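First to last, the sequence lines map onto chains R and D. All residue numbers for the first sequence refer to the working numbering, where the first residue is 1 and numbers rise by one. All residue numbers for the second sequence refer to the working numbering, where the first residue is 1 and numbers rise by one.
These are computed hints drawn from the structure, not numbers from a lab. If you're wondering where the values come from, they're calculated on a predicted model, not measured in any experiment. There's no promise every hint is true.
[Unchecked claim] The calculated DSSO-like cross-link candidates involving lysine-lysine, where the alpha carbons are at most 30 angstroms apart (straight line), are:
1. 408/D / 42/R
2. 109/D / 75/R
3. 91/R / 75/R
4. 86/D / 108/D
5. 91/R / 93/D
6. 74/R / 93/D
7. 42/R / 389/D
8. 60/D / 108/D
9. 91/R / 9/R
10. 75/R / 108/D
11. 74/R / 108/D
12. 109/D / 9/R
13. 471/D / 2/D
14. 86/D / 75/R
15. 37/D / 74/R
16. 9/R / 408/D
17. 75/R / 93/D
18. 86/D / 74/R
19. 109/D / 37/D
[Stated by the list, open to error] Beyond 10 angstroms from chain R on every Cβ pair, some chain D residues (computed):
20. 22
21. 49
22. 103
23. 109
24. 204
25. 265
26. 280
27. 284
28. 286
29. 311
30. 320
31. 336
No residue lacks a Cβ here, since even glycine has one placed at the ideal position from N, Cα and C.
Below, each chain spelled out in residue letters.
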Amino acid sequence: MTTAEDVQKLAALARITVADAELAAFTREFDAILAYVGQLEKLDIPSSPGEEKPPLRNVVRADGEPHASGVYTKKLAEQFPAREGDALSVKQIIQHD
Amino acid sequence: MKTPNEMTIVEAARALRARALTVRELWDACAAAAHAKNPELRAFLEIFDADDAAITTAQKRIDAGDPSLLCGIPLALKDNILTEGKTASAGSKMLENYHATYDATVVKKLRNAGALFLGRTNMDEFAMGSSTEHSAFGAAKNPHDISRVPGGSSGGSAAAVAANLSIAALGSDTGGSVRQPAAHTGIVGLKPTYGAVSRSGLIAMGSSLDQIGPLTKSVEDAHLLYEAVRGIDPLDSTTIPDGLYPPRDVSQNVRIGVPRHLLHDGIDADILIAFNAALAALASAGHTLVDVELPTSAYALAAYYVIMPAEVSTNLARLDGIRYGHAARGETLLEDYVRSRTEGFGEEARRRVLLGTFVLSSGYIDAYYRKADAARAVLRREYGAAFAKADVIAFPTTPSPAFRFGEKSDPVSMYLEDIFTVTANLTGMPAISVPLQTVLRDGKQLPIGIHFTAPHQAEGVLFALGGAVEKVR
Numbered sequence: 001m002t003t004a005e006d007v008q009k010l011a012a013l014a015r016i017t018v019a020d021a022e023l024a025a026f027t028r029e030f031d032a033i034l035a036y037v038g039q040l041e042k043l044d045i046p047s048s049p050g051e052e053k054p055p056l057r058n059v060v061r062a063d064g065e066p067h068a069s070g071v072y073t074k075k076l077a078e079q080f081p082a083r084e085g086d087a088l089s090v091k092q093i094i095q096h097d
Numbered sequence: 001m002k003t004p005n006e007m008t009i010v011e012a013a014r015a016l017r018a019r020a021l022t023v024r025e026l027w028d029a030c031a032a033a034a035h036a037k038n039p040e041l042r043a044f045l046e047i048f049d050a051d052d053a054a055i056t057t058a059q060k061r062i063d064a065g066d067p068s069l070l071c072g073i074p075l076a077l078k079d080n081i082l083t084e085g086k087t088a089s090a091g092s093k094m095l096e097n098y099h100a101t102y103d104a105t106v107v108k109k110l111r112n113a114g115a116l117f118l119g120r121t122n123m124d125e126f127a128m129g130s131s132t133e134h135s136a137f138g139a140a141k142n143p144h145d146i147s148r149v150p151g152g153s154s155g156g157s158a159a160a161v162a163a164n165l166s167i168a169a170l171g172s173d174t175g176g177s178v179r180q181p182a183a184h185t186g187i188v189g190l191k192p193t194y195g196a197v198s199r200s201g202l203i204a205m206g207s208s209l210d211q212i213g214p215l216t217k218s219v220e221d222a223h224l225l226y227e228a229v230r231g232i233d234p235l236d237s238t239t240i241p242d243g244l245y246p247p248r249d250v251s252q253n254v255r256i257g258v259p260r261h262l263l264h265d266g267i268d269a270d271i272l273i274a275f276n277a278a279l280a281a282l283a284s285a286g287h288t289l290v291d292v293e294l295p296t297s298a299y300a301l302a303a304y305y306v307i308m309p310a311e312v313s314t315n316l317a318r319l320d321g322i323r324y325g326h327a328a329r330g331e332t333l334l335e336d337y338v339r340s341r342t343e344g345f346g347e348e349a350r351r352r353v354l355l356g357t358f359v360l361s362s363g364y365i366d367a368y369y370r371k372a373d374a375a376r377a378v379l380r381r382e383y384g385a386a387f388a389k390a391d392v393i394a395f396p397t398t399p400s401p402a403f404r405f406g407e408k409s410d411p412v413s414m415y416l417e418d419i420f421t422v423t424a425n426l427t428g429m430p431a432i433s434v435p436l437q438t439v440l441r442d443g444k445q446l447p448i449g450i451h452f453t454a455p456h457q458a459e460g461v462l463f464a465l466g467g468a469v470e471k472v473r
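So here's chain D without its partners, still in its complex pose:
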């Protein structure tokens, strides 16, 4: 028998409707688990007090037969998603004193659906990192082995869900920041199509790449949470209407494209074995495996590490210590800017701001930024061509399971964590990570994930195939 905090959204919603559980009991179970385990896991930067009015309202709605399955469900939000009146620090000293002045669109939608908010979760500063080691408030830990990272940058959200402190969570994904921590903690993570979910109220990192996505205990939950937050929003002009891209048939037989030529080097042997076994099981279940060629994919990470810092340096330029956030003062206005930014930004934020300033500078913009942007267009075309003969493209989510704290101290080795996930951000296509079996490292069973990318707005194919993985694994 599962305790309430161990349930999925769907299980909890059923128990609430069967009167086997009250909203208050569900909240208390999650809040108690969060308070008990957070000192060790540091998944939350803040655990909110119970909102008695919201709990009462949610219970009344359920008693009155409200169909919203999110009604009364406690959720965790990444610390870069604004909730009015609450701190939103983006894991940075720069915004430690910042209180959100409005609700993010996703928060409004979840509030309207009756969801409850447990707290804000730990993250790499401004979502830059793959381990939460770049959080200004100390790293979150992987519940499967606390000597290892939970992945990042949405590592706090992933740890909170994987450790059953929260029923589900939202994160943000710029290069893999939802999918990689989901894989490292054994849960499901979705990066929706670019424009599917409003970013109004998300603290921006790379604006041509960022999407908000769910981290959940099941594919069904990811689908449900995605449906609850998606949709066109007048407050985010990059959101897209339904049917902007041609519809894809979600048939019983999904054609799974496998880019074998990219799977020879740099992947742990047991991860590749598990990946191939999952594909074989899906083939036995009636799906089809096809070979696809994505020659420019080998350059995707390099292109990403030009485009992303360029956008980061632009977005973080607004943080200058004048209107809000960390404000240090010197002799002149220029000193006010420089001191505020130098004290407020951590090492990785400063590194990427410098890198972005470099690739956008007049002498180098052609060699770096414009070249990367052209590579991005080629990549998009290659994926488009591959999707003529496949419905999804499969990769392992990460080349290795969760690593130890401090293991990837040089920036490039940390960046390589995202090698299979960044392409979906560059092309704007939706992608999901679904847990496979575990692999053994130093006596601990560590989760790994399988990753599927689908054409724009074809999330339905990802949910169908993700559900199939859950059955065969």
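Looking at chain R on its own, in the form it has when it is part of the complex:
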């Protein structure tokens, strides 16, 4: 049984908030979804030592520069909510007080 506190704890982990007005509905729906996916508990999965693995292949590109340096800088910097020149501005992380 999920509690409102559980939902708030998960929300904090996921960096979102669930408003008080939504909390009861979210908790109830969360329980219904878990009850549905909980049917997996009844599924008996046989252990299969000889299970085939998909063939392995190298998906990593060769070392080297994928593109000329700086070609995307302007386009990416235009999306920044706050910037100084081409640098992205963020809040100070460590507080000195």
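Chain R is already provided as a structure; the job is to place chain D on it using the hints.
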């Protein structure tokens, strides 16, 4: 006589080459229909202005005898596929202000083929939903009955093609998001083999499940559009080379596996009748019906609703209001994240992020995520075994025709829309939905679809059998 916007890709390509139609006339017919009907259908989130240079170039290519059948054809793109310089919002407030910084690989390929882009289509936020009711910009409507949903999450693409606003469209399919809206709007939808089509430039939802697929007016068009966008891509390391899986013979006689044990409950009676009639007609046309057993299939949706939210919560973690997208500001950096994400994500996105966070948390990962992942492996083996005696597996695409807005307000009933489609995403196998006859609901004829799954890289079997369905239905 069809108007240009009502044509299939193949019909329009023929008319362009016969000089019965110009690229400009074709564009104008589609754009005019889109502008006229979009206020009602909300299929497009944005209809692009005519790209005069691209239209002129396409006409010149056709005049010079260019063989690309997509040359000069207007197409619609789901709003989670990047087109450089255009907004790509994924149906979310989170990315409402985001402009794509590059072209998706599929867009590059279509551009090179001479295709034109009509606009970006409506969708459930971040492709999470089966109705487009979770779009942050209002739901799209089903052209067959505007009181009903077009399906989702690629509902805008489906509505645009079904209403003849676009010749064809691309969508993305994570659990049925191309095939289910295709079935609900009476068109063809294909989910290719996992790795067949590059996802570079597709906004990710569930990375082990997502594929881009065509929504078209005919199986022939789906085949053509699929061939145009598929292929290995250095920008997507999950793309696969041709011939990675053993080839399947596309013979005249396709062995159609029917899992009768899964078709007893929860399917509308007239859909089951139409499904059985289509199978009988295919048998009369020389194909063979065989019984197959897929015991773990009953658990596929449960496994999907563990694996998918786990991947969603991981993929959506990058959206934090720092580098791009919706950026709300608080007192601290943590508040910046929390406010941006809470304001930017809609209800369903937040629900799935929470669910994914839960199933991946240390106390529950064994009971949920690892169990679901093991079920997925069993499912893949069961399908592999079934494909020893069948070339395809058949299901109705959906248990019911398109539902009314608001009818599936509780999440689990909405999730059940994907009960027959999710397995192809879990196994990575290709699957197609082809329209059958319509069923009557409240005085309206509503489309339904038949769904076939084939082994990896056996899309050819799906196109052959899909073509056979078009002949017998």
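These are the hints, each one checked on the structure:
no.	hint	verdict
1	408/D / 42/R	holds (27 angstroms)
2	109/D / 75/R	holds (22 angstroms)
3	91/R / 75/R	holds (22 angstroms)
4	86/D / 108/D	holds (14 angstroms)
5	91/R / 93/D	holds (23 angstroms)
6	74/R / 93/D	holds (24 angstroms)
7	42/R / 389/D	holds (28 angstroms)
8	60/D / 108/D	holds (19 angstroms)
9	91/R / 9/R	holds (25 angstroms)
10	75/R / 108/D	holds (18 angstroms)
11	74/R / 108/D	holds (21 angstroms)
12	109/D / 9/R	violated (45 angstroms)
13	471/D / 2/D	holds (20 angstroms)
14	86/D / 75/R	holds (12 angstroms)
15	37/D / 74/R	violated (38 angstroms)
16	9/R / 408/D	holds (28 angstroms)
17	75/R / 93/D	holds (21 angstroms)
18	86/D / 74/R	holds (16 angstroms)
19	109/D / 37/D	holds (29 angstroms)
20	22	holds (35 angstroms)
21	49	holds (21 angstroms)
22	103	holds (12 angstroms)
23	109	holds (19 angstroms)
24	204	holds (17 angstroms)
25	265	holds (14 angstroms)
26	280	holds (33 angstroms)
27	284	holds (38 angstroms)
28	286	holds (34 angstroms)
29	311	holds (14 angstroms)
30	320	violated (7 angstroms)
31	336	violated (6 angstroms)
The structure is inconsistent with the numbered hints 12, 15, 30 and 31, although it conforms to all the rest.
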